[in-house]
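Make the full structure from the sequences, and use the hints.
Protein chains: 4
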Amino acid sequence: MSKRGSVKKVVLAYSGGLDTSIILKWLQTEYGAEVVTFTADLGQGGEIEPAREKAQRMGIKEIFIEDVREEFIRDFVFPMFRANALYEGVYLLGTSIARPLIAKRLIEIAKETGADAVAHGATGKGNDQVRFELTAYALNPDIKVIAPWREWEFKSRTDLIDFAEKHQIQVTKDKRGEAPFSVDANLLHSSSEGKVLEDPWVEPPPYVYQRTISPEEAPDKPTEIEIEFKKGDPIALNGKAMSPATLFTALNDFGRDNGIGRLDLVENRFVGMKSRGVYETPGGTILHVAHRAIESITLDREAAHLKDSFMPRYAELIYYGFWFAPEREMLQAMIDKSQENVEGAVRLKLYKGNVIVTGRKSPKSLYSNELVTFEDDRGAYDQKDAAGFIRLNALRLRTLAARKRLG
Amino acid sequence: MSKRGSVKKVVLAYSGGLDTSIILKWLQTEYGAEVVTFTADLGQGGEIEPAREKAQRMGIKEIFIEDVREEFIRDFVFPMFRANALYEGVYLLGTSIARPLIAKRLIEIAKETGADAVAHGATGKGNDQVRFELTAYALNPDIKVIAPWREWEFKSRTDLIDFAEKHQIQVTKDKRGEAPFSVDANLLHSSSEGKVLEDPWVEPPPYVYQRTISPEEAPDKPTEIEIEFKKGDPIALNGKAMSPATLFTALNDFGRDNGIGRLDLVENRFVGMKSRGVYETPGGTILHVAHRAIESITLDREAAHLKDSFMPRYAELIYYGFWFAPEREMLQAMIDKSQENVEGAVRLKLYKGNVIVTGRKSPKSLYSNELVTFEDDRGAYDQKDAAGFIRLNALRLRTLAARKRLG
Amino acid sequence: MSKRGSVKKVVLAYSGGLDTSIILKWLQTEYGAEVVTFTADLGQGGEIEPAREKAQRMGIKEIFIEDVREEFIRDFVFPMFRANALYEGVYLLGTSIARPLIAKRLIEIAKETGADAVAHGATGKGNDQVRFELTAYALNPDIKVIAPWREWEFKSRTDLIDFAEKHQIQVTKDKRGEAPFSVDANLLHSSSEGKVLEDPWVEPPPYVYQRTISPEEAPDKPTEIEIEFKKGDPIALNGKAMSPATLFTALNDFGRDNGIGRLDLVENRFVGMKSRGVYETPGGTILHVAHRAIESITLDREAAHLKDSFMPRYAELIYYGFWFAPEREMLQAMIDKSQENVEGAVRLKLYKGNVIVTGRKSPKSLYSNELVTFEDDRGAYDQKDAAGFIRLNALRLRTLAARKRLG
Amino acid sequence: MSKRGSVKKVVLAYSGGLDTSIILKWLQTEYGAEVVTFTADLGQGGEIEPAREKAQRMGIKEIFIEDVREEFIRDFVFPMFRANALYEGVYLLGTSIARPLIAKRLIEIAKETGADAVAHGATGKGNDQVRFELTAYALNPDIKVIAPWREWEFKSRTDLIDFAEKHQIQVTKDKRGEAPFSVDANLLHSSSEGKVLEDPWVEPPPYVYQRTISPEEAPDKPTEIEIEFKKGDPIALNGKAMSPATLFTALNDFGRDNGIGRLDLVENRFVGMKSRGVYETPGGTILHVAHRAIESITLDREAAHLKDSFMPRYAELIYYGFWFAPEREMLQAMIDKSQENVEGAVRLKLYKGNVIVTGRKSPKSLYSNELVTFEDDRGAYDQKDAAGFIRLNALRLRTLAARKRLG
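Line by line, the protein sequences are chains A, B, C and D.
Just so you know, this note's numbering puts the end of the first sequence at 407, numbered straight through with nothing missing.
Just so you know, this note's numbering puts the end of the second sequence at 407, numbered straight through with nothing missing.
Just so you know, this note's numbering puts the end of the third sequence at 407, numbered straight through with nothing missing.
Just so you know, this note's numbering puts the end of the fourth sequence at 407, numbered straight through with nothing missing.
Do not take every clue at face value.
Claimed, not checked - With a straight-line cut-off of 30 Å between C-alpha atoms, the simulated DSBU-like cross-links for lysine-lysine are:
id	chain 1	residue 1	chain 2	residue 2
1	B	K144	A	K384
2	C	K9	C	K111
3	C	K384	D	K195
4	B	K384	D	K404
5	D	K337	C	K384
6	A	K337	C	K111
7	A	K155	B	K384
8	A	K61	A	K173
9	B	K195	A	K361
10	C	K8	D	K404
11	D	K384	B	K155
12	D	K337	D	K231
To be verified - Here chain C is said to cover these stretches of chain A; the calculated rule only asks that three of the stretch's residues, wherever they fall, bring their Cβ under 8 Å from a Cβ of chain C:
id	stretch
13	81-92
14	300-314
To be verified - If you anchor each label on the Cβ, the simulated ranges turn out as follows:
id	chain 1	residue 1	chain 2	residue 2	range
15	A	G379	C	T249	55 to 63 Å
16	A	E226	B	G177	33 to 41 Å
17	D	S6	A	D19	32 to 40 Å
18	A	S6	D	E108	43 to 51 Å
19	B	E370	D	R57	17 to 25 Å
20	A	T158	D	D19	17 to 25 Å
21	A	D19	B	D257	42 to 50 Å
22	B	V90	A	P363	54 to 62 Å
No lab work stands behind these hints: they were computed from the structure.
Beta carbons: idealized from backbone N, C-alpha and C, even for Gly.
The structure is reproduced here in C-alpha cells:
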C-alpha cells in the first residue's frame, strides 16, 4: 500500500497526450498501482492508435482502444437532442454528454480487468471531474476514484514538465509552456476555455476556433439540406439513410462549411463559479433547429409545452453530470414517450452562420390546413365555439375584477 | 335595442383600414350603437392621423388617436424581455404583447366615454380575439365584447366588399380581392400568416417580408454595437442614453439592415390548432441575445435557472392572452426581483442574420477571474473541496448502485 | 333528422335513476334517436341490475351492464396513486378519475353498436361534462356528444317531473323535490355538493356523509393494518394478497370504521368558478399515506422531488379531464419509471380519523442505518466531505455577498 | 495562531448545555480564540438565562442572550407558511426554518464584536451544518466557520465526557451516557431523531414525544377555534388580535391539547442519506390547514396552482438551507404578491389529532354562490359557453385521434 491509499489496479482515461501520460506515470510511481489505459475515439479528431505505443512504452499491459462514436451519438447525443436540451438557454452540452460514456467504459473495463479504481485527467475547478465521478459511483458504489489534479503537489506547468522529463516522457516543444487555452472535443463539439478567453469583455481571437470557419468566410451561396426523422432521431440526410455517427459527421461538415454553431458564453459551473467558454457545435446546431421544426408539426401542443417546461432541468442534470441518475432516466422516459410520432422531413437553408427552416412535412403531421385556413373550412371549426371558450377562460378574471372593484 | 342585444355605445379598435371601417359601419347598422374609435400608433408603420378623417366621415364624434409607443415598449415589451420569453422555444411574442395594451385602452376609453361595449377586428380562429377579450374582461367584468368576425353573416370577401360599397366605404382596388397573406405589425415585430403561407413545406415567398432585408442582401461587413442595461432594461445604445421606444427603433434599424430576426414557424394556437407564421423581429432578436449576455455575468446561477424553469409558462401566459392575470403578475414579481443587479454593457456583432456576443462587462459582475483561472488563485478556491462536494452528491447514487447490485 | 341535428343512435351513460331516465326518454323524443344504455358498477353502492328492467321498459334493445370495478382500480386509481396526486393540495380526485373510464366505455360501445353519438347526464356548470367529452373526443374525433342538461328547455325541477310523468317514468316521492345536495360515488369516494353545502361558512350537516362514520363515532381503540406494495401498487393487506378492487374495498371498510377520509373543500373548477364539495375517501386516504411511506424508504431523493414537482400538474390534468391526453401519458411514463423498486410493507395505525404510519420496511430499502447513525459507521460516510460540499454550495452565495458589499 | 488556523474571535451558538459547553472550551483550548456566546430563545422551552452564568464561568466576556421569538415567527415562519411549504409532501420544516435566523444573528454579532469566525454545534452528517454555514457565507463571504463536530478527534461519548471533566465542565448524571435520541426544538416544532428511532419499522416509543399528547389521550370533545388572516398571515385567534409569537404559542397549546401535529417520517437529507425523524408541530399543523382554507376562497385558481407548482422547490430550498439565497427571495416575491387579498376567517374543529375545517369566509371571497348554484343564477353563467369551451379544449385531442386512426 502506497502512502496515498491502497489501490491495486486503476483504469485511466488516457488520451495519449502529455498530461494523461504524466498522470499515468504518476499513478505508477505514487500509488504503485498497475495501470490499465482506455482511449476512446469519440470523434475528437486525430488518431487514437498512437496511444497504444505510448502506453506500451510506459509498461502498460492492458490497453483498451475503442471507437465509440456510434454509441456516443446513438445512446447519448440523440436521446439528449430529443429533449431540445440547452443549458442556460443556449449551450448544446457537447462536453457534458461525452463524460458519462467515458466513465461508463472505465467502470466496465475495471470490472473486466479486476481493477479497483479509475482515474481521470480533469481538474479540480471544472465540471468534468463531477461528471466522471458521479457516473463512476453510480455504476459501481465501491470504486475508488483518483483525480490526480486534485491530489498531486505539482504547483506549476514547470513542475509537471520536470516530472515528465525525469520519467522519460517525451515533451514536444509546443507543450513546454502553457497552452493559450484548453480544448475538449468530440463528434458533437469542440470547446475552448481559459487563459486568452478569461476576460469576457474581450472577443475570442480567431485562432481559438478549430472546427468551423467563420460566417464571414463561409460561402456566399446558401446550401440546402433535408433531414429525415423517425421517433425523434435523424435517420437520413438528403434522402440517404445513415448510421447515427455517419449522419452526424456529415452534419458537422455542412455546419463547418457554412460557419454554423459558434457560441461564446459565460456559463455557471456546478462547482459554483462562472466561466467563459467558446463552443463550436456545427452539426448539433443544425440538428437542434431541425428537431424543433419536425416537432412543430408532429407534437401536440401540451406535449411540447410539457417538454419545454422540464427541459431546463433536464439540461441542468446533464451539465451537472447526472446522466446515470434516476431523475434523468425518468425525464428520458417522458421525453421518449413524446417522440413516438416525431417523424418526417425538414428542409433547411444553411447560410453564413444561419440555420433557416424552409419546410417541414410529415405523414404524422398534426398541422391541418382545414382548421387554420381563412377560407371556408367545411365545418372543421365552429367560430362560435370561441366565444364560449373565451368566456369560460375569462370567468375567473371577471370574478377577480369584480372583487377589485369592491376595493 | 337591436336584434343583436342592447349596446348603447361601443369603443372600437380602429385602424382606419377597410376591414375595421366595415366593422365600424356594421356596428352602427346592426347594433344601432354609437361608436367611439381608438387608433393607436404602436409603431406599426404608416400614419394614424388619416383614421381621424375616415372616422369623421362615418359620423364618429369621439375619436381617440394616440401614440402609445413609449408605453408599449416600457410597460409591456421590456418587462417581457426581462424574462427572456420565447414561446415554443423561438417566438418572441410580438403580436401577443401588443394586444393587452390596446384592450386596456379600449376599456379605459369606455370608462371615459360611458361606453358599455368594446369591439375588435380579430377573427374567430385566432389568438388575438382571446387576448383582446381576456384583457377586457379582466379590467371590466361587466363590459360587453363584440367580435364582429364571429357574429356577422358575411361568408366571403365579396360579401364584405358589397357591404362596404353599399355603405359608401371606399374600397381601393388592391383591397378588392383577398390579400395573399395577412399582416400584423408594431414596434416589436411584423407577422404574416395565411394563404400563401399555409403549406408549411413551402418556403415563404420573399415578398412576405416587410421589415427586414434577407441575410443574403445584408452588407458583407459586420456592424458592431454596444447596449447598456440597468435593472434588466436597455437604457443606452452605443453610448447614447435613449427612451425605450427610441432605443427600440434604433435596434430595429440595425436589425433590419443586417438581415436579423426572421422566423418561419409552425406554432400552436391557444384555440387548439397549429398555424404557420412568418415573423420579423429585428430589434427584439438583438435585445434577446444581449439580455441573456448581460444576465450571464450578473445573474446568480440559481436565480437564472429558476427564471429559465418558469420562462415557458410565462411565455405561454402572454401568448394565450393572460397579461392582466394574477399568475402573470406573480411571475413578473419574481422576474423583476431577479433583475435588480442586471446592469452593464454588452457588445455585439451583427452580420447577415447573426447576432454574435463579443463582450460583456458590468460593475455588478459575478464573474471572477480569480475563481476560474487555471493559474494560481491565491486561495479563492480550494480544489480539495471538490472531492467532498462530489462524494456527497454521489452518496445517493452509490446507495442506489448498491441496491441494484443486490438484484 | 330531428330539429336538434342528425343522430341515429346514441349511447347513454345510464344509472337507472330518475334523471338519466328522463334523459333517455328525452333523447328518444327530441332526437328521435335509438338509445343504447351503459350502466357500470364502479363501486358506487346499490344494485345495477335494476337498470336493465327500467331500460327495457323504455324500449331499449341494447343494454350494457358491467362490473368495471377491477378495471377502475387497476388501470385508473392505482396509476394515479403512484403519483401521490392531490388536487389543490388535498383532494384525492375521486370523481375525476372515474369519468374517463365511463366515457371510454361509451365510445367502445358506440363502435360495437354502430352508434354515432354518446350522451351523459352531467350539468353545464361542472367539471364532469368536460371530463366526459374530452375523453369522448380523444377516443373518437368524429363522435357527436349530447349533453342534455346544456340543451334542453327545462327550467326547473318541476319541468323535469312534468316531463317524466308525461312519459310514464316513475317518480318516487323523495325525488319530487330537489335533493338537498347532489352525490357522486364510486369505489374510490363519495362526493356531495350543492344546496345545503353552498355556504362555505356553514359546516356540512351530518346527514351529508354517506360512506364514513365521523371520527367522534369511531372506536376508542386503534386498528393496526399492514399494506404490502409492489411496483408502487398495493398487492396485499394484512398479509393476504388481493385483487385491486378487493383490496380497495377492504381499505374502504377500515377507513369507514375509523372515521377516515372526510374532506370539506372549496375548490376551483376547470370551467372557472369556485365550488364547495364534501368528499369521503376512506380507503384512498389510507392508501395515499401508505404509498408515501413506502416511497420514503425506496425512492431516491431526486426521483421523489421530481415526482413532487410535477404532481400538481398531473393532478390538474386529471381534474380537468385530460386523462387520455399525451401530456398525462408522458407524466405517467415518468411516474411509472420511478416505481420499479417501490415495494415493501407499511404498517399503519387507524384511529378516529388519523392514519398514522408506524413502520415501513422493504427489501429494496435505500435507508441505511450505517450512513445515518450517530455511532461509528465504519467509514460509510466521511464527515470531512461535508466541509467541501458546503463550501462549494456556498461559493455562489459568497460571490453574491462580495458583490453586495461593494454596494 | 493555533495549529488549527488563525482565528481571533469566534461567535458560538451556545445553548448552555453540555455539548455546546464542551465546544466552547474546545474553541478556547484548540483555537486559542476568544469566544463570544449567543443564546437565543426561539421558543424551545426552558430558561435561557442560565446560559449566562455558565458562559461567565468559562471566562466569556461578551455574552448575547436574546428572545427572538417574535422575529422568528414574523420574519421566518409566517413567510414560509404563506407558501404552504411541505418538504417531501408532509414535513413542516420546523428545524430548517430556525437555522437561518440563528446564523444571521451569529454574523451580525460577529460584526458588532469584531469576530472573524462563527461556530455551531451541528454534526457532520446532518442538514443543520449546511443551513448554518450557507447562511453564514451568504451574509459574510469572508467569515470563517468552525464546525467542531467535523474537526475534533473525539471518537466517542466517553472522549467528550473526559474532555469536559478535565476542563471542569459540569456533567450531570443523565448526560454521561448517550441520549436515546436527540432533540431540536423551537416555537414551531420539536424534532427527535437517532438511536431508538433508527429502525424505521419500529414505532417510536411514547417517551419520544415532548410537546403533544397523543390523539388517544386527547379529550373526547372537539375544540372549535377561529383564525383570522390578513395578507396571508394569521392576525387574530378567536376574535383576539395577537402578535405573531403570542398567536403561535396559543395555537401550540390548542394543538398539544388535542393531539395534533405528530409526524413520523423517513426523509432525504441534503447531504445524501435518508434519515428518520419524529416531529411535533402542533400549532403549525393547524396553521397550515387554516391557511389553505382561507386561500381556497380568496386566491384565484391559477395563482393557487402556480404557487403549488413551485412549492416543492421552495420547501426544498428551505430544507437545504438556502433561505438567504436569491432564488428563495425570488420565490418569496412571487408568493407575497399572491397573498395581498388572502384575508378573512377560518373556523376549525380540533379533535384527537384531526384539524377539520368547518367554515371559511372573507370580505375578499372569490366564491360566488350565484356562479355555482344549481338554481337560477340570473345570467351569471351561460351553460351554452361550456360547449364551446369544451370543443376548443378538445380540438387538439381530436386532431391527435384523427392521426391515430390513420395508423
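Status of the hints after comparison with the structure:
1. With a C-alpha separation of about 16 Å, the suggested pair B:K144 and A:K384 falls inside the 30 Å cut-off, and the hint holds.
2. Of the supplied pair hints, the one linking C:K9 and C:K111 holds, its CA atoms being roughly 11 Å apart against a limit of 30 Å.
3. Proximity of C:K384 to D:K195 is assessed by CA-CA distance (about 22 Å); at most 30 Å being required, the pair is judged to hold.
4. With a C-alpha separation of about 56 Å, the suggested pairing of B:K384 with D:K404 is violated against the 30 Å cut-off.
5. The suggested pairing of D:K337 with C:K384 is violated, with an alpha-carbon distance near 42 Å, which exceeds 30 Å.
6. Restraint check for A:K337 and C:K111: satisfied, since their Cα atoms lie roughly 27 Å apart, inside the 30 Å limit.
7. Distance hint between A:K155 and B:K384 is fulfilled; the C-alpha atoms sit about 14 Å from each other, no more than 30 Å.
8. Proximity of A:K61 to A:K173 is assessed by CA-CA distance (about 29 Å); at most 30 Å being required, the pair is judged to hold.
9. Restraint check: the Cα-Cα separation between B:K195 and A:K361 comes to about 17 Å, which is no more than 30 Å; the hinted pair holds.
10. In summary, the hint linking C:K8 to D:K404 is supported, as the alpha carbons are separated by about 25 Å, within the 30 Å threshold.
11. Of the supplied pair hints, the one linking D:K384 and B:K155 holds, its CA atoms being roughly 24 Å apart against a limit of 30 Å.
12. A C-alpha spacing of about 9 Å is found between D:K337 and D:K231, which places the hinted pair at or below 30 Å, so the restraint holds.
13. As drawn, the stretch 81-92 of chain A meets chain C at 0 residues by the rule of a beta-carbon pair under 8 Å; below three, the given contact is violated.
14. With 8 residues bearing a CB less than 8 Å from a CB of chain C, the stretch 300-314 of chain A meets the requirement of three and the coverage assertion stands.
15. Separation of A:G379 from C:T249 is about 47 Å and departs from the stated range, judged on CB atoms against 55 to 63 Å.
16. Range check, A:E226 to B:G177: about 34 Å between beta-carbon atoms, so the 33 to 41 Å window is met.
17. At about 36 Å, the CB distance of D:S6 to A:D19 agrees with the hint of 32 to 40 Å.
18. Take A:S6 and D:E108: their Cβ atoms lie about 48 Å apart, and the range 43 to 51 Å holds.
19. At roughly 45 Å, the beta-carbon separation of B:E370 and D:R57 lies outside the given 17 to 25 Å, and the hint is violated.
20. With their beta carbons about 49 Å apart, A:T158 and D:D19 fall outside the hinted range of 17 to 25 Å.
21. Between A:D19 and B:D257 the C-beta distance comes to about 47 Å, which sits within the given range of 42 to 50 Å.
22. Between B:V90 and A:P363, the C-beta spacing of about 24 Å breaks the proposed range 54 to 62 Å.
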